[in-house]
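Protein sequence lines correspond, in order, to chains A and B. When the first sequence is numbered by my numbering, its final residue is 235 and no position is left out of the sequence of numbers. When the second sequence is numbered by my numbering, its final residue is 306 and no position is left out of the sequence of numbers.
Please note that the accuracy of each hint is not assured.
Unchecked claim - Negatives, chain A to chain B, calculated, CB over 12 Å:
1) G44
2) A132
3) G133
4) C154
5) T199
As the list claims (entries may be wrong) - Restraint-style ranges between C-beta atoms, simulated for each label pair:
6) B/R240 to A/A42: 44 to 52 Å
7) A/Q11 to B/L222: 46 to 54 Å
8) B/Y181 to A/Q11: 38 to 46 Å
9) B/P170 to A/R107: 16 to 24 Å
10) B/D221 to A/G41: 39 to 47 Å
11) A/D131 to B/D32: 54 to 62 Å
12) A/A8 to B/H9: 45 to 53 Å
13) A/A90 to B/V264: 55 to 63 Å
14) A/A88 to B/R240: 19 to 27 Å
15) B/P202 to A/R107: 31 to 39 Å
16) A/D131 to B/V264: 29 to 37 Å
17) B/P170 to A/D89: 44 to 52 Å
By construction, these hints were calculated from the structure, which means they are not laboratory data. C-beta atoms are modelled at their ideal positions from N, C-alpha and C, and glycine is treated no differently.
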Amino acid sequence: MEQSSTSALLQGTVLDLASDVVSALRSGDHARAGGTLARDGAGGNIARAAVRVLGADTLLPTALLRVPPDPGRLAVFKDAVTAHPPRADAAPAVVWSHWAMARALRRLDEPLPGPLAGDGDTEPDAAWLEDAGWQSLTHQLAVLAPLALPGEECAVTRVARRRPVDVARGFVRAVRRRDWQQAAGAGRWLTLLDGVPDTLGLDTGLDFVRLMGGSDPRVALQLEAARLMPAGVLL
Amino acid sequence: MTDTRLIHHVGVSAMEWLWAHRDGFRLEPDVDPEVGFLERFKPVGELALICGVLFREGVAGSRQAQLARQLLDHAWRETLDGGRMLVRGQRIEPFSPIPFEVYLPFKELGHSQPELEQATALNHRLDSWVRFPVNPTRRLGLSAFQRRFGLTARPPEADLVGTTWLARTPEPWTVEGHTAYDITHTVFHLTDWGESPDGLPPRIADYLATWLPVWIDDWLDLERWDLLGELLVVDACLPRPTLDERAWEGFAAAQQPDGAMPAVRTMPEGDPDTVFDMVYHPTLVAAFASVLATSRALTELARTPS
Chain A
1 MEQSSTSALL QGTVLDLASD VVSALRSGDH ARAGGTLARD GAGGNIARAA
51 VRVLGADTLL PTALLRVPPD PGRLAVFKDA VTAHPPRADA APAVVWSHWA
101 MARALRRLDE PLPGPLAGDG DTEPDAAWLE DAGWQSLTHQ LAVLAPLALP
151 GEECAVTRVA RRRPVDVARG FVRAVRRRDW QQAAGAGRWL TLLDGVPDTL
201 GLDTGLDFVR LMGGSDPRVA LQLEAARLMP AGVLL
Chain B
1 MTDTRLIHHV GVSAMEWLWA HRDGFRLEPD VDPEVGFLER FKPVGELALI
51 CGVLFREGVA GSRQAQLARQ LLDHAWRETL DGGRMLVRGQ RIEPFSPIPF
101 EVYLPFKELG HSQPELEQAT ALNHRLDSWV RFPVNPTRRL GLSAFQRRFG
151 LTARPPEADL VGTTWLARTP EPWTVEGHTA YDITHTVFHL TDWGESPDGL
201 PPRIADYLAT WLPVWIDDWL DLERWDLLGE LLVVDACLPR PTLDERAWEG
251 FAAAQQPDGA MPAVRTMPEG DPDTVFDMVY HPTLVAAFAS VLATSRALTE
301 LARTPS
């Protein structure tokens, strides 16, 4: 019972946080992205967990629009990065998500405390993506959508750039299966890639995803990112 | 690439089922006029078309070829009463293209029914036939059949290709079941049922090479075997078929031990005629996909330097 209410609370916090990010991306107004997140106690645990679900996208308005982060949110973000380094046996997507969060902090010139301070910008390995089928590739890339940023250069973006047709196939698959979050994440990647087949119809495809699934703020977040991407500030 | 034996076995097994259930290819002479006597001709025409493909490709084993020959003879002599049932259908609905469409593959395999030929020649002169109200893909098929019959296609196929859904190469994520069937039939008509893969304009072949894997993946997971089978035929019509291993293994696993291929998920229940009507088409499609894919796999093998 307690577990399920915690999980519902986390789910709600993730949606609230995603809504805040969407508002900030739409308005360009960082103040609107400053919804309060608890830092201490049980609320702090939930807040850090929610930030880890959204990952580096928590700071997306800063990355894309250069709006300074809300100090309270930044503090929780930092806590989330430092308090939960990935375990040695963590899945590659978890490791990469963590790397993307640490990268977001470094971009802000925020000093990383503790064990993260010394690991520089060492990239994890992306071999698991190289040989992934197009279905799995797209699924993984959608999970790692926070890495889909203009000018981002890492092993994951290099794989994505080499496989635009496969990502486009994955987008079609996700739309057909009504997996709007995956479709929106894949669509965000596609806005960054060269060599996407013209016949995909990406613009109308993204509008269709918005029409069908845009009421979920996690979907809306990816779609807003995709919308801002071509005009996005290079990192 | 899939093991050719697995692909081949699907077709052998399908022909066994079709032969064992040949009485299912039946007409209903006393049918309610509102339903129409011609309704039950379609399965017979499809059977003849697929058997024609089987002979043409020449990759069937002796047992499979023998079953196809027996099935064709049965359909012509018993079901169509030596073609007389086609004439009867033509007299009930003189301007319907169905008797002509069913007759063509039998004619190509050496059967003849002069009265139907005369009716076809007359209909071919009618403006009514040129504008017979059917969808663009069926119209393309009618013109292709006129050419194969030895007539001048009216309208010419070149004028019709661009009117099909596929020729527009639309957004691949909008493809639903009925669109997918339209795609497969456009490919069948453009390639003369797999005989001339070169009949696919390069732009369309590229479009299919890009998006067909997504549709195959999708309808495999949905266990829509009838449509998956047609998509596997399309794959075998492409310049570089993928002969997708996961799809072929799933397709083969859905086939029943007696060779029947369910249309969707698992075998339906009901009296034998009902089950036949639900299953004959996916089973024919299985034979069709198998023979084309086997043929393409063997061609690829022959090209591979040892």
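So, going through the hints one by one against the coordinates:
no., hint, verdict
1, G44, "holds, 41 Å"
2, A132, "holds, 14 Å"
3, G133, "violated, 9 Å"
4, C154, "holds, 27 Å"
5, T199, "violated, 5 Å"
6, B/R240 to A/A42: 44 to 52 Å, "violated, 58 Å"
7, A/Q11 to B/L222: 46 to 54 Å, "violated, 29 Å"
8, B/Y181 to A/Q11: 38 to 46 Å, "holds, 40 Å"
9, B/P170 to A/R107: 16 to 24 Å, "violated, 41 Å"
10, B/D221 to A/G41: 39 to 47 Å, "holds, 45 Å"
11, A/D131 to B/D32: 54 to 62 Å, "holds, 59 Å"
12, A/A8 to B/H9: 45 to 53 Å, "holds, 52 Å"
13, A/A90 to B/V264: 55 to 63 Å, "violated, 41 Å"
14, A/A88 to B/R240: 19 to 27 Å, "violated, 43 Å"
15, B/P202 to A/R107: 31 to 39 Å, "violated, 45 Å"
16, A/D131 to B/V264: 29 to 37 Å, "holds, 33 Å"
17, B/P170 to A/D89: 44 to 52 Å, "holds, 45 Å"
Violated hints for the displayed structure, listed by number in ascending order: 3, 5, 6, 7, 9, 13, 14 and 15.
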